[in-house]
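Counting from 692, one number per residue, gives the positions in the sequence shown under the working numbering.
By construction, these hints were calculated from the structure, which means they are not laboratory data.
Mixed in with the good hints there might be a few duds.
[Claimed, not checked] Lysine-lysine pairs mimicking DSBU-like chemistry, simulated, CA-CA at most 35 Å apart: (1) Lys723 x Lys702; (2) Lys797 x Lys702; (3) Lys702 x Lys803; (4) Lys797 x Lys723.
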Amino acid sequence: MHRFKELEIWKRSRLFCSKIYSITSNFPDSEKFGITNQLRRASVSIPSNIAEDSSRSSNKDFSRFLQITLGSTYEIETQLLISNDLNFITNSELENTISELQEIIKMISKFKSTLKF
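Whenever a hint applies, use it, and build me the whole structure from the sequences.
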């Protein structure tokens, strides 16, 4: 069992989630139940899944659920690209946000690779 509050990936993903909320607050009201909701839910799922996964009884289970968490990161990347296509975010916002997301992906992947089972 891992103490999720001590995990840097959990801390970073919480901050990233806040950034997604900030970015999507500028999206059109018509997207409240569309891409805004999708991005927010996917971003919340990253730290939430890490916290939930940390309670797994084995590293093998934790590793499997971290893979699911990685799926959420790629979902966010796709949604950010679509948001840029729709001119909801600028190219600069896209680059900065995806750069942060890539760091989280690397951290999750590295952490996952260190789990022994």
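Take the C-alpha atoms of Lys702 and Lys803, compute the straight-line distance between them, and say whether it is at most 35 Å. holds (16 Å)
Are the Cα atoms of Lys723 and Lys702 separated by 35 Å or less? Holds, because 26 Å separates the two Cα atoms, which is no more than 35 Å.
Next pair to validate is Lys797 with Lys723; report whether the Cα-Cα distance is within 35 Å. Distance ~30 Å between Lys797 and Lys723 Cα, so the pair holds.
Please work out if Lys797 and Lys702 have their alpha carbons no farther apart than 35 Å. holds (14 Å)
No hint from the list above goes unmet by this structure.
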